[in-house]
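J.: The chain contents come next:
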Amino acid sequence: MEDSLESRLDALHQISQRKLKDILSKIPGRKDLIIDPVLMKPLDCIIGVSFLRSHGVDNICKLEKSGVNCVTSEWVYLIYSDLITAKRICDQINANLQKNNRNNYHLIFVPNDFVAIQQLLEEEGVHGIVTVHTFSWELIRLDGGILSYELPHLFKMLFVDGDRSMLSAVARSLWSLQLLFGRIPLTLTQGRFSSQIQTMVDILFDELGSSDRADSEISCMLVVDRDVDYASVLLTPVTYVGLLDEVFGVSSNSIELDSRVTGNQEGTAKKMTYKLSSTDAIYNEIKNRHFADVFPFLSGKVKDLHSDYDRRHNMAPHEMKHYVATELQKVAALRTSLAYHIGACEVIRDEMGHRFKSLHQAEQNMLEGRNKRENFSYVEECFATSGKLASLRLLCLLALTQDELSADEVTLLKTEFLHCCGYEHLVAFHNLEKLGLLTRQGTETNQGGVFSGANEAAGKLAGRVAQVVSQLPKRVGSFQAFAHRLKLFPQVSDEYDLKHPKDPGYVFGGLYVPVVCQLVSLLIKNELSPDEVMKLGPSIGTTSWAQNAGKMSAAPKSFLVYFVGGVTYAEIAAFQLLEKLKGVRILVAGTSIINGNRFIQSIM
Amino acid sequence: MAESSQEDEYWQEYWHASETKAFNFEDDQFGSELYGVPKSGTARLSQRVREGMGGDSTCFSADSLSGFLSRTTISDSSQTTTRPLHTLISEKSLLCILNAGNFHEKEPKGNLCPEEEVTILRRQVEDRWVPPPAKDTITKILLGHPYSLELYRSLKSKAELLDAAVAVGDGNAMLAVVLFLVRTLKKSYVHQLLRTRPDAVAQYCQYLSTRLQVHELTDLLEMLGESREASMKQFQLAVCGTMNPLRRLQNLKSCLRNHFSLPDNKDRPLVDNYIKLLEWQLAMAGTDAEVAKVLLGQPVLSSLAYTCQHHWGEPRGRLSSPQTLSEQQGVSDRQFQWTVLTVQASKQSWDDIEKLFITKSWMGGKKLKAALPMEQVVMQLHAHGAPRDILNKYLDLIDNVDKRVKLEQKLQSNKVFVDVNNKVEELENLLPLKYSIREGI
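If you read the protein sequences in the order shown, they are chains A and B. So for the first sequence, my numbering puts the first residue at 1; every next one is plus one. So for the second sequence, my numbering puts the first residue at 1001; every next one is plus one.
Misleading hints may appear alongside valid ones.
Taking CB as the label site, the calculated pair distances span [claimed, not checked]: (1) A:P28 - B:H1086: 22 to 32 Å; (2) A:H354 - B:E1290: 31 to 41 Å; (3) A:S386 - B:Q1298: 16 to 26 Å; (4) B:P1387 - A:H354: 21 to 31 Å; (5) A:D206 - B:T1087: 20 to 30 Å.
Bear in mind the hints are in silico, worked out from the structure with no lab data behind them. All values reported here derive from a predicted model rather than from experimental measurement. Backbone N, C-alpha and C define an ideal beta-carbon position, used for all residues, glycine too.
Kindly generate the complete structure, drawing on both the sequences and the hints.
T.: Written out as structure tokens, the structure reads:
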């Protein structure tokens, strides 16, 4: 049964559709639509081919380097607002103008139009020739209560490059969400970008208007910067969908299945896109299960299917007729779904199985700050045996959790990595330093410098932790001190059953509770004031909270958690467990869905 | 019915297996049984499900864009019934969202008499040449409304404008202001204003770097004392600018000379080694196109593997000798041994491997000089199909009995079982081994 909160989310894609429709209807006649390939998957969540056809689009094609093949005289480009893509389009238009062709050119930017792009259009001489439109889509509902703004590049833009040009679009999406639900009375932020977004949302309310609803269906909104919790990105998840994302790479909640899963031997190159949706009963059951619990469940379902098959064999003709009319299609769909999930499980097992145990052990040792020597050589071993991404990811976890890692040790690991993967990756290490992930906190940060900005939070964390450390047993690192303070390490006893989890830490095999999940859990408990809870988070000095509708006495019952820089499937599973355990509603949103591999890719 | 009894047997077997192994995600029986089910079981299971599935039973969506363009099949089981928009959001709120992108002149509140309207209009005309408060202009940029920066002509007003943009935190507004400053101020003033506003600098640097305006970027960064950032940008450009190894070498050389010249730059040795590596690769390839194809642009360890493959045993000091490359690049012992081990194992040169790890001292004794854990060595040898007696030789070098037994289990060899049986009292350690041996044979 869907509650009103979730069904109201249906409005989001309808509003997005409406916005795109309004743009397309401003362009008269038949048109060609040239789409940035990276927009394809997110657009699939909003519109379909028939939608475009019914709004005058004759021809749909991908933006390609080779050029365009348009059939009409209205060229409509639909792209992310990105300078390099815009330049490529300028080149295509100029090439077309050179041939004395007279076409009308339109550019639709997702999600925003930028000064830098306007300047480029002017310099390239196409200003006035192209008509610019902005398609600021709404948050895209991926599945159930999961929302994403689908800006996969935002993490790097913000945290590595310090490029804030997308923040206003993010703010706008939070503003319109609150027009839909009503203005959320309590807003909490963690991190510098989050608090700036909040400032912008306030301006938007003042300038553009507010909701006419008296009260909001969501009682508390928590906006957090991704750097509040890197561990949740770097650790290996154990839930089914978390591992699907590790192995297949989920994008816009769909995965590409190859012949390993579909079993199509003929035409092996043929891939299939499979949409993960909770309306699929099988997927809904297994998505958040511990991986070891998935297969027994699937085999049970197969057994049911077989007994059903047997039953069919003994049916009288009229029963059979009834069966074909009512159940056959359902059974067939179930069968397909089962086959794909079983196939996917096999691939996950083959890819992860051989190294899962040692990886899990190493992650545990790192988190707890134990066996430093062993962890170090495990990372070295990874360089030789695992890929670039996996190696660098572990290196990051090591550096994040072991603050006694010396500069020499970092240099050794860096050199070994470069020897193994190529010197061209030197930049990746520089980027990691900007994130505050490699340097020892407090020693190498040149305070006040422009590009140590990213280290600020880390430095503050170290300072804050220093006070705490004195109260704790000696020889505890700052990461461990912080984790103990927020109780991020679950108490694992014999009753700790990963199959029937009672604690959000199950998403990492009982090793670690995601920081933001713990903060929400504290807010639900209502023992501390929201202000005090926020102070427990790592980003001291950049937290804020604002209450708009008088004093709230009861604990909040419905939440919106928004991750600036992306949220992981492990975190989503943790929140969904928390919902069940505490009887609250939590919508989880992010600028994208991130995982450890995509995180590393973005800094390389 | 032969088939059904076979099926029964299968399920029996399957359930037996899945019940006893129901929860051992962490069991690593060397890849054969994982995640609660034996591998053969899952393969058969999925085989069965797929059989008779046909292609027609799936619900394929023909409406998907990516499916339409890439000609892949899309399986979409979600049939959503969405509620109409007007039941979800009020008309007023909806219009508010839809109009947010469009610019409308703010209408004055309430009805105005003509005199009042004239006053307002007169004030607007008079104010045409007075810059509006910086904050208002920044808000316009944030909202995507038309704006003009031309009136901010005094240095003070320009500084206020920049501060207002930084305070709101909108990157687009910051860049708009910085570009305006660059257009209307001389460089030293631009730098002076930027010096204390790091957020704006980052925004501008990103723009310069995307537009490949390298000189301005380097100037700015050097001025701000961010020479490390500047050198990294240069390095990135030198490397990404070209795939041609000769060009890249030239780029790197000038990059090293101009931007990594400070002796305390910790990345200097790395860039230096990168240059040496490219030079070495070019020298090795010479005019041989085949060698160039496999060697150029490869990382250090792949290059080292190449020399181990083709130039093993050549005297130290010669260009093509593995030791020469390894010393030049400062390859760690660990990585050197691993590379040699992998190459020699693939060539089945067990003697060379022995020489790598075991030295005979002058007293006639043997000395181990391994930088790698012996378990890893054994595993790698096993992976390349080393014979039993070779494996045993290295297994014996593992001091830790526990580890040795575990590894032995993995390799399913009986040798240590007998050997260790005499040494260890704790028999329970051996029970799983016994079990696996019984099953294995």
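J.: The structure should be examined with respect to each hint, and the outcome stated for every one.
T.: Do the hints match the structure? See the list:
no.	hint	in the structure
1	A:P28 - B:H1086: 22 to 32 Å	holds, 28 Å
2	A:H354 - B:E1290: 31 to 41 Å	holds, 35 Å
3	A:S386 - B:Q1298: 16 to 26 Å	holds, 19 Å
4	B:P1387 - A:H354: 21 to 31 Å	holds, 23 Å
5	A:D206 - B:T1087: 20 to 30 Å	holds, 29 Å
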